[in-house]
Every structure is written in structure tokens, then in C-alpha cells.
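Asker: Read off the chains here:
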Amino acid sequence: MSERTLRGKAAIAGIGETTYYRHGQSPDAEFKLALKAILAACEDAGVDVREVDGFASYGNDRSEATRLAAALGIRELRFSNMHWGGGGGGVAAAVANAAAAVHSGMADCVIAFRSLAQGQFARYGRAGGASLAMGEDAFTQPYGLMSPAQRFAMKITRFMTEHGIHHAALRSIAMASYHHAQTNPRAVMQGRPLDEAKYDASRWIIEPFHRLFDCCMENDGAGAVLVVPAERAKDLRHRPTYLLGAAQGGHHRSAAPVHNAPDYASAHFPTVARNLWAMAKLSPADVDVVQAYENFTGGVLLGLVEHGLVKPEEANAMLVPENLYAPTGRMPLNTSGGNLAECYMHGLELVNEAVRQLRGTACNQVKGAEVSIVIGGPMVTPVSSLILGTEATL
Amino acid sequence: MSTTTNALPAGMPAPGSEPLTAPYWEGTRQRRLMVQHCQGCGQLQWGPEWICHACHSFDLGWEEVTPRGRIYSWERPHHPVHPALAGHGPYTIVLVELPDAGGIRMVGNLLCAPDALVTIGAEVEAVFEPHDEAQPPYTLVQWRLIG
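As they're listed, the protein sequences go chains A and B. Count the first sequence with this note's numbering and you get residues 1 to 394, in order. Count the second sequence with this note's numbering and you get residues 1 to 147, in order.
Hints are not guaranteed to be accurate.
As the list claims (entries may be wrong) - Chain B regions said to be covered by chain A (calculated; three or more residues, Cβ under 8 Å):
{"#": "1", "stretch": "10 to 19"}
{"#": "2", "stretch": "27 to 36"}
{"#": "3", "stretch": "40 to 53"}
{"#": "4", "stretch": "57 to 64"}
{"#": "5", "stretch": "101 to 114"}
I should point out that these hints are in silico values taken from the structure, not numbers from a laboratory. Since this is a predicted model, take the numbers as computed values, not measurements. Even glycine gets a Cβ: it sits at the ideal position worked out from N, Cα and C.
Extracted from the complex, chain A is given alone in its bound form:
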């Protein structure tokens, strides 16, 4: 039996995004943003958008595949796919699902995308107005535990206390994103640098490890990638970015209700990361540049640890700004500014940045980058991650 793998079977041939806007500032409706990002990804690849025959998204994206297909005049829709879970836990999975579709022959040319005009919908950090908390929420909301930040903070306190990791490690993660955003014209936080004093003076969102700058932004925009079979990608405009590894899911009972996961202080990557490295046939030492989804900086820490990129006992020494800054850092992290400072596009912007790094066209280019990891939204369930590589890594 032949090996079952996606390694080297599919490639990202095009990337696209809209202008990234601050919360509520998009002049365009969310669906129009989706259309613009998809057209941009096709244009980047040099592929007629009418050739697209599939759409994959996540986070309950409101821009439905069938409406997109109709609006864009898609000739034939062969694949539509929505990955379960909120936020950006599914960003890598959406790309992987697109890759699986083109590799299996279910489709030939699939867009993985996220469109999100948060200013046109509900605000983060504010619970809805329901007076009765139902289901699992009945055991948390009456106690004032109701936002994603609060759900995840409980894990972060436990993990960081257990391992003696200082808040300064999280500060470095935030500073890396802001540092990289300063040279990125797409970044909404370009021109608004962050230093240690500004971070330390920022207000508490949740003690003991969540200051304002540990939390993602809310933004308006859309991003998209075009996924095609590896053979097809070779004939297109750009150097192909190959999918080397992909994994999604969660470890045993990671979604057990009311904070009862047996392995609790986790971003839910232990088994996902194992499967990811196995498919990629690579190890953490092979990674040149890291894109790790920042919903909260604590989740970045856990994601890095669970992918073997940082050891818990070395986190305080490793997670200092100079190690995380491109181009010279030991582990360049979130080189476009990521969710904290480029745009909170639920991690799709991290996929685009990984592709730019591997094409050699990033604004904070890591010299000779051949392998990039994209870690999707941590601490939700299911989670997902990706390893991308250049032709030299095949």
C-alpha cells in the first residue's frame, strides 16, 4: 500500500488579502471583502477565478461557498468545506482540507479563505445579553467566566506557574509582532511601536498573565490562498509553496466540559504536533521561520512548547526579543506582525506570510527560508497546524 500523506502533493500557488482595517473601518461589506481577497489570490497565481472549483473555510465564516460560487461565476463547484470550531483554530485545517481535496481528485483548484468584518458584527470581550446561561455555560457564566480570554487564562496560569515561566516571555512575543509590523505596509499597527515600558504600563485584562498587549486585535478584512495539485503549481507564476505536513484535532478529551480535560494546561497540540512532524518528516530544528497564531500570547507560548520549538524550562531564556526578531533571531516569530499587529484575520495572514517568506518576498525576510510552520489558533478545539516548504525541501 502506498504511503498515505499530503507531503508534497499540493501547493499554495497564490495568496491574496484586502486592505486590513481597524475594527469597524472597512468601507466594504464582509462578503465583498471575501470576494476581493479571493480575486487577489487568483490574480497572484495567474489563474482565472472561474477555474476555482472549491472553497474551504473555518470559524463559521459567513461568506458561504455557494454564494461565492454564484457571485464569481464559478463554472462548477466540486468542493465546499467548513471546519468546525470557533476563531482561528481551523486556519491550518482549512488549507489542509483544500490540499486533501485537490490531492484526492475531488477538486482541482480550491480557495482556502477567511473573511471577517468584526466591526459589522458582535464585539469581542463582551458577552451577549442572555439572562440565562444554558448548557456548559451555566457552570461558568454566572461566575463571570464568559470570554475566550477568560477560558484560556485558566490554562495559562496553570502552565506558567507549573513551569516558572515569567510574564516577560509573553511580553517578548507581543514585542516581536509589533517590531515586525513596523516595516509592513499592510499592518494596521505600522507606526505604533511597542516597547517594554509601554507593555508594562498597559492595563490588565486578566491577572496574572494578560495585559492589553497580550490580546489580539479586532479587525476587518479578508485573506485567501489558492491551493492546487503540486504538478499544476510548477507551471504557474510563482515559486510553489508546498504543503509538507498538516494535522488537526485534539488530544484525549481535550474538549471535556467545564475545564475537565485530563491534560488541562495545554493548547491542545500534543497529538496534532506529533502527527504534523511525522507527515512532514522534519523536526523543529528544520524550521527557519515560525508563524504562531496569537489570540493571546500565552497560547503562542503553549503552541511553541507543544510543537517542540521551545522547551518549557528554556522558555524564559529563549523568549527574549532578539531571538524572535527577523532576520537575525534564532527563531523569527510572526514576521509580518501577525494577529497582534498586522491584522487579526484569524491567522490567514500568517499563512500568507509563510508563503511570502518561502518565496523570498517578505518585508522582514529571513534569509534563505526553506521551511515555515504555521500554528493555528491555540487552546480552542479542534486546533490545527501546517508545515510549508520550498521545492528544495521535497
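With chain A's structure known, arrange chain B on it following the hints.
Answerer: Only chain B this time, still in chain A's reference frame:
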């Protein structure tokens, strides 16, 4: 009125009772801490689910457990996530592990000063917080340090 002694201000969401969870909320009204107890294999399970995750029995009864535990993790929100919390200031949420109940964990507020030191591993006991004025009335389970 019990509102002056409650951990959080009036106007927070009330727990909705459903068939799956009703025995728990009926228990707290009587100052008893009830959790799911599998009649098939004896596993204690929390939060409530329709099936035992260990043996797949649907025959899940309820058992009273000792209302004591230790702090497994904690957090202190400052940002008001709900209109009722506006202007209230920081409050403390604990995740309490119940060693006498198979290590299941419960979420509640720690009754303490807003700047009190919180230590993982500290022993706590349940404090039943009745909301008799609510329609229907309900009782939350809060926690305080022992000793």
C-alpha cells in the same frame, strides 16, 4: 436580600436548568454538591454529559461529593465582559479540583479581597450562595480558603 453578600453584582446570567443538569441545581438548593455517577462502572463525571466517557453507559446517576477541594488554577479578570460587571473591578475565578471526587474540577469565584494572593494547591471549601429572589431561585457554588 442576599445580593449584598454575593461574589458578583446582580444582573449576571443565571444558570439555566435543563434535564441533563437539573439534579445538580436541585442539589445546590439543598446545599449539597452533586455530580454524575456512572451506574455502569462507578466513574464520577463532570461536567454533565448524556453518556459515561469511560464505559459508554447511559445509566448516569448522581452522587453527593465532599464540597472541598484545592485550587487547580485561577484568574482575576479586570475587563468587564458583562454589563453587570461594569465598574465592579477585579474579581477572582478559581478552578477547583476535588480530590475526594476522582479529581473532577469545578469553576467558581474565590471569596477573597480583589488583591488577595492566590496559590495553586491551596485548600478550599464550597460556600453555597443562594439567589432566592431570582425567578426561579437558584444557588451558586463559591469557594473560600480553609483555615
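Asker: Now look at each hint and say whether the structure bears it out.
Answerer: Structure-based check of all given hints:
1. 10 to 19: It holds, with 7 qualifying residues against the three required.
2. 27 to 36: n = 0 at 8 Å, threshold three: violated.
3. 40 to 53: Since 5 is at least three, the answer is holds.
4. 57 to 64: Coverage by chain A is violated for the stretch 57 to 64 of chain B (0 residues, Cβ < 8 Å).
5. 101 to 114: Holds: 6 residues of the stretch 101 to 114 of chain B have a Cβ under 8 Å from chain A.
The structure is inconsistent with the numbered hints 2, 4, although it conforms to all the rest.
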